Amino acid sequence: MPPRALTLFDFARSGGELHGRVSLPELHRLSELLSSTQGPPVQWALQGFQRERIGMRPQAMVTLQVRGALPLICQRCLQAMQYAVDETVDFRLVAEEPELTQAEIEAEDEALPAVHPVDVLTLIEDQLILALPIVPMHDVCPQRDAPEPTPSRTDEAPAEDRQHPFANLRDLLGDAKKKR
2 MPPRALTLFD FARSGGELHG RVSLPELHRL SELLSSTQGP PVQWALQGFQ
52 RERIGMRPQA MVTLQVRGAL PLICQRCLQA MQYAVDETVD FRLVAEEPEL
102 TQAEIEAEDE ALPAVHPVDV LTLIEDQLIL ALPIVPMHDV CPQRDAPEPT
152 PSRTDEAPAE DRQHPFANLR DLLGDAKKKR
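Throughout the sequence shown, residue numbering follows this note's numbering, covering 2 to 181 in sequence.
Everything labelled a hint here was simulated from the structure, so no lab data went into it. There may be inaccurate statements among the hints.
Estimated spans, in silico, between C-beta atoms of each pair [said to hold, decoys possible]:
# : residue 1 : residue 2 : range
1 : Pro114    : His20     : 19 to 25 Å
2 : Glu97     : Thr123    : 14 to 20 Å
3 : Met57     : Gln144    : 56 to 62 Å
Predicted model, so just to flag it, every value in this text is computed and none were measured. Quick reminder that beta carbons are idealized off the backbone N, C-alpha and C, glycines included.
Take the sequences, apply the hints, and build the full model.
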């Protein structure tokens with residue numbers, strides 16, 4: 002189990018490393034978004050380090066990596082699917098949440114307020130939730146039944162007999178101009 006309370010600034014300064022596995026049923030918020038909690042556990046790794054900056058104090062950082070297969074339902078074919086997650090995110094440890102500026106939005110890393118001890122399990126679960134697709138779909142859906150036959154051109158009316166939706170538009174516009 003990941004630590005429930007880890008002081009990330011100390012962890013980063015000491016170059017700490019943690020890794021492990023967590024089963025899907027232990028991730029309660031994520032479990033509500035999955036089609037099942039059966040399957041292999043999610044692997045995770047957390048590494049702390051100090052990023053050197055020219056002319057400034059080193060920046061405390063942690064890198065979180067999560068890897069696993071999450072059971073979802075494809076919204077195209079409504080069949081079960083496994084969604085592979087392999088996410089790595091760098092967190093810049095800060096004393097308080099920074100103001101949301103354009104520079105902050107475009108930053109390569111994420112700011113993480115870490116003055117108080119952080120629940121690593123919550124951090125892992127948050128990253129997995131963020132990794133979920135908005136609309137889960139197979140790359141290519143498996144065939145359940147034979148495809149329905151498409152209508153052939155011989156079933157349609159001949160081109161000269163088909164009613165065109167805008168065929169009378171020119172006549173209608175001409176009538177409207179005459180009435181003015």
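Comparing the hints with the structure gives:
no. : hint                       : result
1   : Pro114 x His20: 19 to 25 Å : holds (24 Å)
2   : Glu97 x Thr123: 14 to 20 Å : holds (18 Å)
3   : Met57 x Gln144: 56 to 62 Å : holds (58 Å)
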